[in-house]
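There are 2 protein chains.
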Amino acid sequence: MMKATIYDVAKAAGVSIATVSLVINGKGKISEERRNEIKQIMMQMGYKPSMIASALTGKKTYALGLLVPDISNPFFAEIARAVEDEGQRHGYSVFICSTDNKDEKVERYAELLQQKNVDGVIIGTGLKDLSVLDPLLKANIPVTLLARELPSVEVPSVVVDDYKGGSAAAEHLIMLGHRNLAVLAEQDSISSSRERVRGFRATAEQAGLPLDPAFVLSTSIKEAKAKASELFQSGNRPTAIFCCNDLLAIGALQAAKELGVRIPEECSIVGFDDTVLASVTDPPLTTIAQPIEQLGQTALQLLVRQIGKPGESPERVVLPPSLTIRKSTAMRASI
Amino acid sequence: MMKATIYDVAKAAGVSIATVSLVINGKGKISEERRNEIKQIMMQMGYKPSMIASALTGKKTYALGLLVPDISNPFFAEIARAVEDEGQRHGYSVFICSTDNKDEKVERYAELLQQKNVDGVIIGTGLKDLSVLDPLLKANIPVTLLARELPSVEVPSVVVDDYKGGSAAAEHLIMLGHRNLAVLAEQDSISSSRERVRGFRATAEQAGLPLDPAFVLSTSIKEAKAKASELFQSGNRPTAIFCCNDLLAIGALQAAKELGVRIPEECSIVGFDDTVLASVTDPPLTTIAQPIEQLGQTALQLLVRQIGKPGESPERVVLPPSLTIRKSTAMRASI
DNA sequence: CTGAAAGCGCTTACAG
DNA sequence: CTGAAAGCGCTTACAG
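Order-wise, the sequence lines are chains X and D.
Its first residue numbered 1, the first sequence is counted upward by one per residue in UniProt numbering.
Its first residue numbered 1, the second sequence is counted upward by one per residue in UniProt numbering.
These are calculated hints, taken from the structure and not from any lab test.
There could be a bad hint or two in this list.
Said to hold, decoys possible - Taking lysine to any residue pairs in the SDA-like style, the calculated list, with each CA pair at most 25 angstroms apart, reads:
1) X/Lys102 / D/Gln88
2) D/Lys3 / X/Leu137
3) X/Lys3 / D/Ala139
4) D/Lys60 / X/Gly91
5) D/Lys116 / D/Asp100
6) X/Lys327 / D/Arg326
As the list claims (entries may be wrong) - Now the stretches of chain X that chain D is said to cover, found in silico as 3 or more residues with beta-carbon under 8 angstroms:
7) 112 to 123
8) 279 to 286
Glycine included, each C-beta is placed from N, C-alpha and C at the ideal position.
Throw the hints in and build the complete structure from the sequences for me.
As structure tokens, then:
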């Protein structure tokens, strides 16, 4: 059985396809009678207009792209859920695009999304090179940034105040008496990570605790454990480590367990994100919480607004992070 | 600047759009010269064919739907990643659809995906009612089942052997000397959960340990902790609990911590799935591992095959689960 | 080897 | 209040 088209409905209703189109879109002036009659017929036939046909005619595709480093990373999975839900609320569906923070993948997805005529894309992935977004920008596809900064690109964005988050982590640790601080950061290309480190460092310095460059390590999630091991085995072992995301912190936790370093007694660890992971680790992670749901929702809303009126000057919303204290931090042991 | 269309390319190349279309699709007999010349021009103009236009012309949309209960659940997030990657390999993009296991949402997504003309959909969500898939089936959209059984529907499927998984959990616990077993299951409507319980129960009974009905509790993830508390506070407290997924197990772990029940000394806990969560809990979770990546990959492959030749009789592949022993299980304490 | 033409399923002015 | 017609950007026979 072929799917019914607008022609079938029109024929069954004894009207033109234009009229049917009008009732589908609730436009034009059509008598209530006719309108209801046609709706009835559509129901009976199980007719649903093809979105791809209507998209071709200049309307929107109601599809969005969501670029994230990795959908299987709980942080982004939670973001995705928020984006999906808010998207549904506005009539949009979302394509997942995991980029592994690789420019080539970003580029491939950018082209793909453009070919698919998506109405917009949320960029939650790192970008070394702005030019990877060219396909999107050229095609006039609205873009909004989620938890990323892009210098010199005028687009809406939601971020959490990463600087403040890093700062809050430092304050917490300093308050607990720690003097010998280390940082496990993401790759340098990730601006959010840089900001977190910057905030952490500034606050540490204000307290008279300049960071030892050897104790500020950039790493990937895979290598986090190894880098943390280095830290634990270094001569002047730090008594506290600030990790720029929970996954990194988990790597540190694992390294500690392997080396028999007791957390938090011998070393405090602070994460960042507060995904589901943070509450289930051993010990549960003290971490800087991002308002994940709000991030996703806001990104979607900004994008939709942008789709609605492309002219608008891009909005930038900054959400506050918050410190969630669990069991991975404690007073520095008196030596 | 408007996006270039096939007409622009044709004009620039001084040929008809038919010819351009032919070179796009690598079809027809066109002289190498012309072909390369036209390709050149397409490159220069940054021309990329619109997938929605080509989809309208009867070709595929190269879009797929992935129905899962919740993309923010790490198990499904990991599945999604595998599906996405394998999809890319075959040229497909995927829409995320979180259903919360609610029929209404499944139905809404089924309709939506049909309207979007997706080439196929992977169903990894629970379905109380088969009729929710009607929109898809009627529209002749291929469907494949991932980790779900659907009686009386003839479609390809990948599952892990849930029965065997439940059985393996029971064996492990019995081997450790446990006699007083409890089960935390998902809602009854989830067939995979039912199978796991069935396998667990059968193996327990074979060992002469029939399950106390009061100790086999169906619950949601939200209520897992509360249900586990009941278990821990019941008169004849179980010494081991089999949880039908890791999230449920985490609920049990949390309940135990709250009540001061030491795991695994006072009670062993076995999970199911082996997502990233299992390795970070306190204590790390002994769990029945699903081959998650393989599940996602296989589902995608089966779907693509189905899209290729709709006639084929549906394949059913069964993947083996495996026991991953961590620290949440131990010998029963001698009383 | 290549072009003219019809058609995919819609929407949108434009008439009436 | 409703219909005829053009057009969205492609693909696919069909000619030549």
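Structure-inconsistent hints, enumerated in ascending order: none
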